[in-house]
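J.: Chains A and B supply the protein sequences, listed in that same order.
Residue 307, in numbering that gives the first Met the number 0, is where the first sequence stops; the numbers in between run on with no holes.
Residue 293, in numbering that gives the first Met the number 0, is where the second sequence stops; the numbers in between run on with no holes.
Incorrect hints may appear among the rest.
[Unchecked claim] So the derived list for chain A, only partly shown, Cβ under 7 Å to chain B, looks like this: (1) Glu188; (2) Gly192; (3) Ala195; (4) Gly197; (5) Thr199; (6) Val207; (7) Leu209; (8) Ala261; (9) Val266; (10) Gln268; (11) Gly269.
Since the hints were made in silico from the structure, they are not lab data.
Glycine included, every Cβ here is placed at the ideal spot set by N, Cα and C.
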Amino acid sequence: MTTPPTHSGRRLGRTTTRRAAEAVVRAIIYLCGWMAIIILAAIAVFLMWNSFRAVNEAGLFTMLSGTAWYPTSSPGKFGMLPLIVGSLYVTGVALVVCVPVGVAAAVFISEFSGRLVKEVMKSIIEFMAAVPSVVYGLIGVAVLIPFVKDAFSLMSGMTAVTGGIVLGIMSIPTVISISEDALHAVPEELRQGSAALGNTRWQTTFKVTLPAASSGIFAAVMLGLGRAIGETMAVLMLTGNAAVMPASVFESVRTMTGTIAAEMGEVVQGGLHYSVLFAVGLVLFTITFGINLVADLVLERQRKRWRR
Amino acid sequence: MVSPLLVTGDGTLSYGAGSVTLPRADAREGAASKAADLQGSFSLADVSVAYGRDRVIEGVSMYIPPRAVTALIGPSGCGKSTLLRCLNRMNDELGNVHVGGTITLDGADIMGRAMDPVELRMRVGQVFQRPNPFPMTIWDNVAYGPRTQGIRKRSELDELVEESLKGAALWAEVKNNLKKHAFELSGGQQQRLCIARALATKPEVILMDEPASALDPISTQQIEDTIAQLKDSVTIVIVTHNMQQAARISDQTAFMLRESLDEPAHLVEMDETRKMFTNPDDARTESYITGRFG
Numbered sequence: 000m001t002t003p004p005t006h007s008g009r010r011l012g013r014t015t016t017r018r019a020a021e022a023v024v025r026a027i028i029y030l031c032g033w034m035a036i037i038i039l040a041a042i043a044v045f046l047m048w049n050s051f052r053a054v055n056e057a058g059l060f061t062m063l064s065g066t067a068w069y070p071t072s073s074p075g076k077f078g079m080l081p082l083i084v085g086s087l088y089v090t091g092v093a094l095v096v097c098v099p100v101g102v103a104a105a106v107f108i109s110e111f112s113g114r115l116v117k118e119v120m121k122s123i124i125e126f127m128a129a130v131p132s133v134v135y136g137l138i139g140v141a142v143l144i145p146f147v148k149d150a151f152s153l154m155s156g157m158t159a160v161t162g163g164i165v166l167g168i169m170s171i172p173t174v175i176s177i178s179e180d181a182l183h184a185v186p187e188e189l190r191q192g193s194a195a196l197g198n199t200r201w202q203t204t205f206k207v208t209l210p211a212a213s214s215g216i217f218a219a220v221m222l223g224l225g226r227a228i229g230e231t232m233a234v235l236m237l238t239g240n241a242a243v244m245p246a247s248v249f250e251s252v253r254t255m256t257g258t259i260a261a262e263m264g265e266v267v268q269g270g271l272h273y274s275v276l277f278a279v280g281l282v283l284f285t286i287t288f289g290i291n292l293v294a295d296l297v298l299e300r301q302r303k304r305w306r307r
Numbered sequence: 000m001v002s003p004l005l006v007t008g009d010g011t012l013s014y015g016a017g018s019v020t021l022p023r024a025d026a027r028e029g030a031a032s033k034a035a036d037l038q039g040s041f042s043l044a045d046v047s048v049a050y051g052r053d054r055v056i057e058g059v060s061m062y063i064p065p066r067a068v069t070a071l072i073g074p075s076g077c078g079k080s081t082l083l084r085c086l087n088r089m090n091d092e093l094g095n096v097h098v099g100g101t102i103t104l105d106g107a108d109i110m111g112r113a114m115d116p117v118e119l120r121m122r123v124g125q126v127f128q129r130p131n132p133f134p135m136t137i138w139d140n141v142a143y144g145p146r147t148q149g150i151r152k153r154s155e156l157d158e159l160v161e162e163s164l165k166g167a168a169l170w171a172e173v174k175n176n177l178k179k180h181a182f183e184l185s186g187g188q189q190q191r192l193c194i195a196r197a198l199a200t201k202p203e204v205i206l207m208d209e210p211a212s213a214l215d216p217i218s219t220q221q222i223e224d225t226i227a228q229l230k231d232s233v234t235i236v237i238v239t240h241n242m243q244q245a246a247r248i249s250d251q252t253a254f255m256l257r258e259s260l261d262e263p264a265h266l267v268e269m270d271e272t273r274k275m276f277t278n279p280d281d282a283r284t285e286s287y288i289t290g291r292f293g
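One chain only, chain B, in its complex shape:
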């Protein structure tokens, strides 16, 4: 069991036990054991990030519950995406980035030497801001991750491709055209293909970095529907600039803020989404949500 309550260094957390929304067991078919329910939960303790000498995030502590949607909101440059990239160690790819504090996934430290970032990324998938399908067919795009994991059997791959495309709500549109080049899809379809591609490795968590910001309203709607459909089976952490989107799709919301360029960003408040958008504890959260800045 991972405790939802965190005791950390100087990172103070102010949310009650009620704020952690565990998915109701009856919401899922064939509910697995209680332990399985907790797969895909993150605990962050006093996390800080620095690009070279520039400290961009400091003292972030939070609990990201499993099988729920957690939204990270805040003005541009408040470190939401940077924090997101800590969760699958994609910051490692950038070089010259130092991450401090502790991050655990289901109780296991993900920042230590014991955790191979390549293995971590199979458990924690990511969907990027701009759709980035690989220049190959739809089928090959989805089978890409499983193949990396060593799955070679055609029938098994076929099954995974179908399952993942269904999970991303794209199956009905492409089932007769799996050999089509991914670039022939529309932007919204490409993004759902990227979600399917991330699902194919059977991750416990999917990170989404403004997945709908490059899409039209109808495609955005489809992505949001997909997220709603997915959250029973996978933990979703989403960065978004769109407050209505956060309010619509997330169970929990975390508000981050960089008060000035001289100081690093920090977590202002994190709570149930309903509470954050109706009755936030912090005055800054309220002014951001009501559109007074940011």
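Looking at chain A on its own, in the form it has when it is part of the complex:
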């Protein structure tokens, strides 16, 4: 017959196993947390590793400043500038579309709409973000390409403007939801204080609420920009993909993302062209990383501001 374990003995045993379990769980959670950083670092290293040959043989400066992109001629010419400019043109047009619409919509939702309208609008905007980019591309092909061609009397409707407009529309949900968060974070007391000084809703919005939320709205724009510059499918369908230096936004452009997607299937693995495409990816990665970093720093500053 065994004596039952003493009360204190049992508690001790349970504590030990629990401690072990806690250590395991903690290790798993730590690992998951670090995973994001590990993956990000791995991507950076992977891109650098694969673009090593391109930097070595074609030269980093030659690639970044070259205006001729003839990757399949012999010897191949890998001037990325038309691609970078193409991306910037498309993204610039996207910003012109998404910033005014997105910020205005956020102001309406946060400051002027009733509770029901607000809820409905927010779910519709979430849905807008969930539509696959290829569907936006299809609508662009069917509607926007002929429209741009006629509206600006162009030879072809496949231009930077066309891609930019669709990208802008695609970025609107990002801009709205983050701007709306920023406006929502402005303490109600500030609005009341402004109203109590004899200001209308509009005056309060323009003079107090928007300035107070400005850094958050800036971050929203930056994140929208990050989304626009990294988007691939819609621009591939809409911009015409001519890899030449565009003279204006009404010409066909090819973006960095479009180039990688279009050419990756035809290159020899490990070849120079293959490596150059990785270099393009590295440039893109650096740009989006920078944009997101700035947006994050600005958001963090805003958060600190209201924590008092």
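Based on the hints, put chain B in the right spot on chain A.
T.: Just chain B now, kept in the frame of chain A:
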């Protein structure tokens, strides 16, 4: 002239003519005309407030004299702040609030369509419980209201800023740092900045909703001094939980009470502060003041 005596529907008022303390003319420099003396007086007749279907205040009638401090006291949830917000129609901002009865400011109905709430709020300023300076410089905070009124001239604004900061007893502390961000001030300084901001629009009345409850004793003292200094030039209506504060700073005190959650709050008694705190007419006032409930 606005009569201090109110005849109302079913709201009964029991205070004599002596309870209305008009400021003595000799207390002010360059005393203006008799009519100007009466600027900033409120008359409330049978005022009721409902949040949706919940009636929170009913049958409040009172006269708030000009250029004096009127304190609203009572236990939590007795509708003091709600009543205060009726006076500059800030309840409009909340939505789903219905205010009944009549409120007049210097004889003009403030609840009708004829009164623009935005205009009313330029005449009736408010200081909130928690200091709420705008995220901008001290100067910009004070110039905010005047700018809304359309004043653009820098020299005029500078003058108003100085005058208002002096009125709020903050000038000496910040005169060399007007470009400093308002958030760098201490809590007490921020609250006095909010008072200065309210003064800048030259209001006839300033409403204060527990202006010192978030502050330390020294800052509270400074706010009370500021109030004492201001009452010669502006009507002050203050909500406070602090009975000593009401006794120290106010000329008149109104005691409100919500006897149970099923019935709306009402005005129990309103009188000269000295009388309210020494010899109130109503037994409930006495038990509240002596700390037996609330």
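J.: If a hint holds in the structure, say so; if it does not, say that too.
T.: Hints versus structure:
1. Glu188: Result: holds, 4 Å to nearest chain B Cβ.
2. Gly192: With a minimum Cβ separation of about 4 Å from chain B (threshold 7 Å), the hint on glycine 192 of chain A holds.
3. Ala195: Because about 4 Å separates alanine 195 of chain A from the closest Cβ in chain B, which is inside the 7 Å limit, the hint holds.
4. Gly197: holds, 4 Å
5. Thr199: With a minimum Cβ separation of about 6 Å from chain B (threshold 7 Å), the hint on threonine 199 of chain A holds.
6. Val207: Hint holds; valine 207 of chain A Cβ to chain B Cβ min 5 Å, cut 7 Å.
7. Leu209: At about 11 Å, which exceeds the 7 Å cut-off, the nearest Cβ of chain B leaves the hint on leucine 209 of chain A violated.
8. Ala261: Since the shortest Cβ distance to chain B is 48 Å, the answer is violated.
9. Val266: Violated, about 53 Å.
10. Gln268: violated, 55 Å
11. Gly269: violated, 56 Å
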